[in-house]
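Undergrad: Build the full structure now, drawing on both the sequences and the hints.
Chains as they are written, first to last, in this note's numbering: chain A, 31 to 155; chain W, 23 to 515; chain B, 2 to 296.
Just so you know, these hints were derived from the structure itself, not from any lab.
Model, not experiment: these values are computed from the prediction.
Hints may contain errors.
Capping the alpha-carbon separation at 25 Å, the derived lysine-lysine pairs in DSS-like fashion look like this [as the list claims (entries may be wrong)]:
(1) A/Lys135 to B/Lys293
(2) B/Lys293 to A/Lys132
(3) A/Lys132 to B/Lys226
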Amino acid sequence: MGPNLLSNYFETASMILFGIGFTTLFLQPNLIKKVIGLNIMDSAVYLFLAAKGYIDGRLAPIVVNGVTDMEAYINPIPSGLVLTGIVVSVSVTAVSLSLIQKLYKEYHTLDMDEILTKANKEAER
Amino acid sequence: MPFLANFPFFCIFIMMASGVTSSMLSGKNAFRLNVIALSACLAMSLSLLFYMIGQPQRITYMMGHFPAPWGNEIRFGPVEALIASVFSFVMLTSLVAGKGDIFSDIASRNVNLFYVMINLLMASLYALVYTNDLFTAYVFVEINTLSACAVVMAKENGQTISATIRYLIMSLLGSGMFLLSIILIYDLTGHLLMVNIRESMARLWADGRYRLPITIIVGLMSVGMAMKSALFPFHTWLSPAHGSATTASSSVLSGLVLKGYIILLIKVYYRVLGLEIVADLKVLNVLFVCGLLGMIIGSLDAIGEDHIKRMIAYSSVAQMGYIYVGISLGTSAGFLAAIFHIIVHAMTKPMLFSAAGGMADASGHKYHFDELKGAAYRNPIAGVAFIIGSLSMIGIPFFAGFGAKFYLSLAAMTNPGKMWFVLFALAVSTVLNAVYYIRAIGMIYSKKDVDVTRHKNPLSYNIGMGVFIVANVMLGLFYQNIVDIIQTGLKFL
Amino acid sequence: MSRIKDALKKFADGDFIITTKRKKNPRRRPSTHHEATLKERYVVWHEEKARSFFKGMYISASVFVCLTLIGILLITVSFLPPFGNPSNPVNNEVSERYIEKGLEETGAVNIVSGMILDYRAFDTFGESHVLFTAATGVMLLMRKKKKGKEETDKFSPRRDPIVKNVAKYIIPFLLVFGIYIVLNGHISPGGGFSGGAIMGASLILYSSAYGYRKINKIITEKFVKRVTFVSLLFYACAKGYSFFTGANHLPSGIPLGEPGAILSSGLILPLNICVGLIVTCTMYSFYSLFTKGEI
Numbered sequence: 031m032g033p034n035l036l037s038n039y040f041e042t043a044s045m046i047l048f049g050i051g052f053t054t055l056f057l058q059p060n061l062i063k064k065v066i067g068l069n070i071m072d073s074a075v076y077l078f079l080a081a082k083g084y085i086d087g088r089l090a091p092i093v094v095n096g097v098t099d100m101e102a103y104i105n106p107i108p109s110g111l112v113l114t115g116i117v118v119s120v121s122v123t124a125v126s127l128s129l130i131q132k133l134y135k136e137y138h139t140l141d142m143d144e145i146l147t148k149a150n151k152e153a154e155r
Numbered sequence: 023m024p025f026l027a028n029f030p031f032f033c034i035f036i037m038m039a040s041g042v043t044s045s046m047l048s049g050k051n052a053f054r055l056n057v058i059a060l061s062a063c064l065a066m067s068l069s070l071l072f073y074m075i076g077q078p079q080r081i082t083y084m085m086g087h088f089p090a091p092w093g094n095e096i097r098f099g100p101v102e103a104l105i106a107s108v109f110s111f112v113m114l115t116s117l118v119a120g121k122g123d124i125f126s127d128i129a130s131r132n133v134n135l136f137y138v139m140i141n142l143l144m145a146s147l148y149a150l151v152y153t154n155d156l157f158t159a160y161v162f163v164e165i166n167t168l169s170a171c172a173v174v175m176a177k178e179n180g181q182t183i184s185a186t187i188r189y190l191i192m193s194l195l196g197s198g199m200f201l202l203s204i205i206l207i208y209d210l211t212g213h214l215l216m217v218n219i220r221e222s223m224a225r226l227w228a229d230g231r232y233r234l235p236i237t238i239i240v241g242l243m244s245v246g247m248a249m250k251s252a253l254f255p256f257h258t259w260l261s262p263a264h265g266s267a268t269t270a271s272s273s274v275l276s277g278l279v280l281k282g283y284i285i286l287l288i289k290v291y292y293r294v295l296g297l298e299i300v301a302d303l304k305v306l307n308v309l310f311v312c313g314l315l316g317m318i319i320g321s322l323d324a325i326g327e328d329h330i331k332r333m334i335a336y337s338s339v340a341q342m343g344y345i346y347v348g349i350s351l352g353t354s355a356g357f358l359a360a361i362f363h364i365i366v367h368a369m370t371k372p373m374l375f376s377a378a379g380g381m382a383d384a385s386g387h388k389y390h391f392d393e394l395k396g397a398a399y400r401n402p403i404a405g406v407a408f409i410i411g412s413l414s415m416i417g418i419p420f421f422a423g424f425g426a427k428f429y430l431s432l433a434a435m436t437n438p439g440k441m442w443f444v445l446f447a448l449a450v451s452t453v454l455n456a457v458y459y460i461r462a463i464g465m466i467y468s469k470k471d472v473d474v475t476r477h478k479n480p481l482s483y484n485i486g487m488g489v490f491i492v493a494n495v496m497l498g499l500f501y502q503n504i505v506d507i508i509q510t511g512l513k514f515l
Numbered sequence: 002m003s004r005i006k007d008a009l010k011k012f013a014d015g016d017f018i019i020t021t022k023r024k025k026n027p028r029r030r031p032s033t034h035h036e037a038t039l040k041e042r043y044v045v046w047h048e049e050k051a052r053s054f055f056k057g058m059y060i061s062a063s064v065f066v067c068l069t070l071i072g073i074l075l076i077t078v079s080f081l082p083p084f085g086n087p088s089n090p091v092n093n094e095v096s097e098r099y100i101e102k103g104l105e106e107t108g109a110v111n112i113v114s115g116m117i118l119d120y121r122a123f124d125t126f127g128e129s130h131v132l133f134t135a136a137t138g139v140m141l142l143m144r145k146k147k148k149g150k151e152e153t154d155k156f157s158p159r160r161d162p163i164v165k166n167v168a169k170y171i172i173p174f175l176l177v178f179g180i181y182i183v184l185n186g187h188i189s190p191g192g193g194f195s196g197g198a199i200m201g202a203s204l205i206l207y208s209s210a211y212g213y214r215k216i217n218k219i220i221t222e223k224f225v226k227r228v229t230f231v232s233l234l235f236y237a238c239a240k241g242y243s244f245f246t247g248a249n250h251l252p253s254g255i256p257l258g259e260p261g262a263i264l265s266s267g268l269i270l271p272l273n274i275c276v277g278l279i280v281t282c283t284m285y286s287f288y289s290l291f292t293k294g295e296i
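TA: Pasting the structure below:
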């Protein structure tokens, strides 16, 4: 164990959230809850990144009064990465929801196991 | 900098722009545009490859006006050029061969959207091969995931859609882990560029205190990539997805999409960590065991399967096992074997899938073996291609698959601790491969009370299969040259 | 214990036929003494108990996976550099140049905008294509087979007077606010993605307040496709030009303007507009494909 578990409380929280989201996406049989798990997982990563950019007592990275000093602003890179990540997760969520809607129309259930059983039966025919 | 150095950037942009343009075209025109764009990219990749063979070197290419740690950049040497050429060739040929199936399986109003996805898929593969920045890799991994899923679900029946959702969920788990490991690396080292990470990583590793977190991070990344490329315990999604998609999609998915992630993983090991750290990593042992199990269990699953496409898909699981075993030896001979195996498998598996698709077409779109009896007489070119592909996969001398297995066993000699396991698994897996491929050949060539009237193939199918057969035979005869390119290229990877 | 021993003994004697007593559930199985082979018993078990058994497996496996993963990740976190410390490795020469030279080199007051649209533009270029991929994927799945106007109208929102009146006053403000955010992306917080999301939301509100027929007069599938196509192609051309000149060490010849003015910072403003249009169209087409199966 390293020394910084408690001082990194944001990161600790985000990792717990990541674990919850990952497990929900992995093992929850209900498809909608799987998507919720996906979003929890992604948000945890953004929380982590946002925490990484923060530096005590500094401003958001928008130049004020022409001051361009390293000491004045927080790190802009994680903010940019979060922006990219959010767009990616919106896209992925949209695609998975549309797949789920289509599956629901086909099999009238949201339970992954039932869907697989029905699809396998169809494949046997 | 020679003008040729612009070509990788051109390839990425041409494929993206033609993807965007395809959304406005009709299905037929989208196909034409796709063929033109892919041929242009193939020509550019090949000329870059020949240039690189003449003067092996490593070129970094700035994406924008700012040099590397500030801007994005792509970097390439002989290996990247070789892999890009193989990918463009396979993509072009399998799309031409599968054209008939694409137009009959997919609703006509959606054909152009299918080609949009194919173009974006190819662009993301190029980007994964060439990129030198981990976050760029993440963005293109996501494009790759979404477009690969779309390529599967384009057939729009219950089976493909339920297969797609399994595929999508596994891929998303994988990319989540990949993203997490990237930002952990960023936090520890302060960089996203592969070269800079390597410097800080070497410092942290030498420090000694950070070995545990680095091992965990690399483990997360490896597990993420393994999920996306169907390594053994995560392989369950592969067979339904590849078995139910349209022929061209199955070829592209098994030949290229799985490989894109592995190339990225190899780059991470080779370029970001370096062989010294990789040799000490415990994570590789896990990959090694999974690879060995995959080699055997994939083949066993294939034996139990009576659906021809799903059988070929399970064979891919076994082949992924070979590649991961090569990587996890942790020596440069191991990486050589893995990269060569990637190329061989990328050339052979799409041919097998196209052959299976052609034989199924000749048997009234049936895929089970009892319905495929005598299919090789109805579709002779597909039968020949299936035999060549099977012999190569089994590893008969004078075929490319033999070279792949040969180099894997040579690589095993460099790691005495793992040598006997590899050789034993190779032997078992080869026998198992022979069992199901020879059974399949026997089925499609059985003459007993079956209809043997010739099926008329579309012209595009014959062209595609002819090119595939010639390319595979050539690869089997001249694989030594390819290995030489990889050997020089590994110095510049 | 003794029952298990008996069963084992029977099994060892080769007695595979097991007599089952089903007193608990007499309604389903009228014959209380039923001679079942092992396979039949398995089938019965599979039908009756397997689902709950696997549910239990799921729950215990989930708890196990979750706790293991969290444990592993927390070990890693404990090694990470401390929170909010200016001397962390992430605050290195990369972010230093973005902050100190960003204004001068990109002309953008908003350093994050300058970073994602100029320094690391390739990532952002890929990101807009992720959106495009998703929009195409959703269209591939959700578009209806036949265009049925009557059926679509049946599900069209009722013209609720409250929603309609509120929307009448809100939508203009929303649109203007969205446009403002897009246009000021390089000099204040905001940019193409956030502004585009707001404009998309206003279109969605319009559609649900006034019904599908009214919005289809303005925004058709062709229109959405064309706007996306033109924006993405312009984006590709502009960035292609700047990548090509940058890599070949040619001057780009695009003036950066005076920092802080609307017309400044070179390509960032037109790119923000393109991204804004793409996001607007994508958000609206997600909504309309999900609700009515066509744009």
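Undergrad: Next, verify each hint and record whether it holds.
TA: Hints versus structure:
| no. | hint | result |
| --- | --- | --- |
| 1 | A/Lys135 to B/Lys293 | holds, 14 Å |
| 2 | B/Lys293 to A/Lys132 | holds, 13 Å |
| 3 | A/Lys132 to B/Lys226 | holds, 23 Å |
Checked against the numbered hints given earlier, this structure breaks none of them.
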